[in-house]
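S.K.: With chain A fixed as given, assemble chain B onto it according to the hints.
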Amino acid sequence: MRNIVLINASPKINEPSASAFLVNLVGSYIEEANTNKNFINVRQSTTRHKTQDDFAAISQADAVIIVFPLYVFCLPGLLMRYLEDYHKFYMEHGMASSHPKVYAIVNCGFPEPGINLEAVRVIKSFSHHVKAHFRFGILIGGGGMLLGVKDAPFMKKTFGKLNDAFATIAQDIENDDLKSIEDISIAMNFPRRLYLIMGNRGWPALARKNGLKKRDLYKRPYR
Amino acid sequence: MKAAIIADKDCQTDLFQQLHKLVVMFLNNAGLVTEEIFIGRDDLAFCKGCFGCWIKKPGECVINDMMAQVNRNFINSDVVIYLSPVVFGQFSANIKNALDRWIPNMLPFFETRPDGSTMHPSRYDTHPQSIIIGYGDGLSEDDVQLFIDITKKHRTNTEVLIYQGADQDITETLGKIELRMVGGYL
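If you read the sequences in order, they're chains A and B. Anchor point for the first sequence: position 95 equals 95 in my numbering, and the numbering is continuous, going up by one each time. Anchor point for the second sequence: position 36 equals 36 in my numbering, and the numbering is continuous, going up by one each time.
Next comes chain B alone, as it looks inside the complex:
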């Protein structure tokens, strides 16, 4: 079983180091082979909204940089854990950039989910269990709730956790998540 950690290279605070250590230890103890990807300011171009990943090179971003490797790792992992600073209640720019350029893993078509909402289907039958951990010192309640809502209101099969230094909470919550590929709606 394989795992990938996708983290912000430019926000390696003490809190991040502590979280990173916990997550690596957790994945090792769970017996997963872990690959780590650190994304910095100059590592990825911004998505340019060209839809080339859907209609020119379906499944691949047309921009030639490290994102091809990130997407290949993503789709071949059983578990992917994003470690993102919480910035204005959202992912940091580095992590958001990686998420914007993850859309080659979806199909362009619309589908209606059971709750009536609209989404794009997954390109692959299964995709990794995705876990997003937002971290930050002194986060406001509003920013924490917004960080959770951005994903939980719109995505299925994706877990969101917040880390502000409580090691036991994170370890316990991670321990309850089934670490395997999932199918169904994104």
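Chain A on its own, in the form it takes in the complex:
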């Protein structure tokens, strides 16, 4: 029996998140037969005080897939706390399975997927500190539009790339070798300029729903 742990590290509370969507999508590619899939939501694991049970599951995993949004150019504080705490658990208990494979899937609101690279490198460093095999990362740009337009015809190409990337993870988990695989970068199939314009127009519309005017968005409360 193969143990696969899929970690959703979105800090959002009761809101739709790209990470939740992506963790389910990549999970659908993992072979069902002879596999035990364990989904962990970091926010819930923390608030429901389930961390010790979940850390035990991670320590017994053959593969760990960590999905998260980029926060200020690296991991969200919530995920960083979780990994720090897991590291302490590891130092006390060790890893039950030997050298699990680790994968990172990072999405950011900026259109350029390459901005996620340092976050992937942090997961690589974490893997090194817990004696796991970091395999590769999937860097996704323009994640802000992923949920809103996922069914639009122009997203077909993007989803083709996502599906290929997730199938590569699933295949790599099955493989016994540790042949090097490059990180995979995926940008939305959408013009960057238009993405920025649409993003910039969206904020005043959201503010209006909260009874604010466009000029309120520029408030400077601390000076």
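Mixed in with the good hints, there may be bad ones.
Unchecked claim - Derived lysine-lysine pairs resembling DSBU-like cross-links, with alpha carbons at most 35 Å apart: (1) K50(A) - K21(B); (2) K131(A) - K9(B); (3) K88(A) - K176(B); (4) K150(A) - K152(B); (5) K12(A) - K214(A); (6) K2(B) - K214(A); (7) K2(B) - K131(A); (8) K150(A) - K2(B); (9) K57(B) - K214(A); (10) K219(A) - K179(A); (11) K21(B) - K157(A); (12) K214(A) - K21(B); (13) K179(A) - K213(A); (14) K50(A) - K57(B); (15) K176(B) - K156(A); (16) K131(A) - K152(B); (17) K213(A) - K56(B); (18) K9(B) - K150(A); (19) K214(A) - K9(B); (20) K21(B) - K12(A); (21) K219(A) - K57(B); (22) K9(B) - K157(A).
Unchecked claim - What the simulated footprint calls covered on chain A by chain B, stretch by stretch (three residues with Cβ under 8 Å from a Cβ of chain B suffice, anywhere in the stretch; the number is not a length): (23) 10-22; (24) 28-39; (25) 65-77; (26) 159-170.
Everything labelled a hint here was simulated from the structure, so no lab data went into it. Every residue, glycine too, gets a C-beta built ideally from N, C-alpha and C.
M.R.: Below, chain B without anything else, positioned relative to chain A:
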């Protein structure tokens, strides 16, 4: 002139104590009035990605804890120095939490910087000179480089230093940084 030191309350190793002493002495000698903020595990809630600081209470985090005071101090200081343990090549969770919840000081809009990269503009015309000092014993070269890259590849007007016990290097490097508010890109 005012300075703020933002440090991790839970990682006060001997190395930290040495660094902290150096930094406080440096700021005092430079004539800055320094406020210190120590952030521990239970001091700040995690950012929940709600964007309330952009579209509900622009410029302020909607979570009611000490971060409002941290952000007020930040934006009214001429210099802010973060002292962070280097953990997996990144900021510690306590410091990263403070950085995640610093985003009220930015505007939600996208802007394109001269190098073609995308960023959010600063909410204020000027912001403090930010200096990040990562510390740790026996850090690997990879983790040191990653700690530098996380900020230097993506931010302008922010200095990154690494401290592993070389007092003179830190003091000399700090001495070369202009201690005043800066404008322009974040």
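S.K.: Are the hints correct? Go through all of them and say.
M.R.: Structure-based check of all given hints:
1. With a C-alpha separation of about 39 Å, the suggested pairing of K50(A) with K21(B) is violated against the 35 Å cut-off.
2. Restraint check for K131(A) and K9(B): the C-alpha separation of about 28 Å stays at or below 35 Å, so the hint holds.
3. For the hint linking K88(A) to K176(B), the alpha-carbon distance of about 38 Å lies beyond 35 Å, and the restraint is violated.
4. Note on K150(A) and K152(B): the hinted pairing holds, with a Cα-Cα distance of about 33 Å set against a maximum of 35 Å.
5. For the hint pairing K12(A) with K214(A), the CA-to-CA distance comes to about 25 Å; that is within 35 Å, so the pair holds.
6. Between K2(B) and K214(A) the CA atoms are separated by roughly 33 Å; this keeps the pair inside 35 Å, and the hint holds.
7. Between K2(B) and K131(A), the direct Cα distance comes to roughly 44 Å. Violation of the 35 Å bound is thereby established for this hinted pair.
8. At roughly 48 Å between alpha-carbon atoms, K150(A) and K2(B) are farther apart than 35 Å, so this suggested pair is violated.
9. A C-alpha spacing of about 12 Å is found between K57(B) and K214(A), which places the hinted pair at or below 35 Å, so the restraint holds.
10. With a C-alpha separation of about 52 Å, the suggested pair K219(A) and K179(A) falls outside the 35 Å cut-off, and the hint is violated.
11. Restraint check for K21(B) and K157(A): the C-alpha separation of about 55 Å exceeds 35 Å, so the hint is violated.
12. Using a Cα cut-off of 35 Å, the hinted pair K214(A) and K21(B) is violated, with the two alpha carbons roughly 46 Å apart.
13. Between K179(A) and K213(A) the CA atoms are separated by roughly 55 Å; this puts the pair beyond 35 Å, and the hint is violated.
14. For the given pair, K50(A) sits about 33 Å from K57(B) by alpha-carbon distance, which is consistent with the 35 Å threshold.
15. With a CA separation close to 52 Å, the supplied pair K176(B) and K156(A) exceeds the 35 Å bound.
16. The straight-line distance between the Cα atoms of K131(A) and K152(B) is roughly 28 Å, inside the 35 Å bound, and the hint therefore holds.
17. About 11 Å separates the Cα atoms of K213(A) and K56(B), which keeps this hinted pair within 35 Å; it holds.
18. Distance restraint check for K9(B) and K150(A): the Cα-Cα separation of roughly 43 Å exceeds the 35 Å cut-off, and the hinted pair is therefore not satisfied.
19. With a C-alpha separation of about 39 Å, the suggested pairing of K214(A) with K9(B) is violated against the 35 Å cut-off.
20. Note on K21(B) and K12(A): the hinted pairing is violated, with a Cα-Cα distance of about 38 Å set against a maximum of 35 Å.
21. Only pairs whose Cα atoms come within 35 Å are accepted, and K219(A) paired with K57(B) is accepted, the gap being roughly 9 Å.
22. Taking the CA atoms of K9(B) and K157(A), the gap is about 47 Å. The hint is violated against a cut of 35 Å.
23. Note: the stretch 10-22 of chain A has 6 residues with beta-carbon separation from chain B under 8 Å; the three-residue rule is met and the coverage holds.
24. Coverage of the stretch 28-39 of chain A by chain B is violated. Counting CB-CB distances below 8 Å, 0 residues qualify, and the rule asks for three or more.
25. With 8 residues bearing a CB less than 8 Å from a CB of chain B, the stretch 65-77 of chain A meets the requirement of three and the coverage assertion stands.
26. Coverage of a stretch by a chain is defined here by at least three residues with a beta carbon nearer than 8 Å to that chain's beta carbons; for the stretch 159-170 of chain A and chain B the count is 0, and the condition is violated.
When each numbered hint is compared with the structure, violations occur for hints 1, 3, 7, 8, 10, 11, 12, 13, 15, 18, 19, 20, 22, 24, 26.
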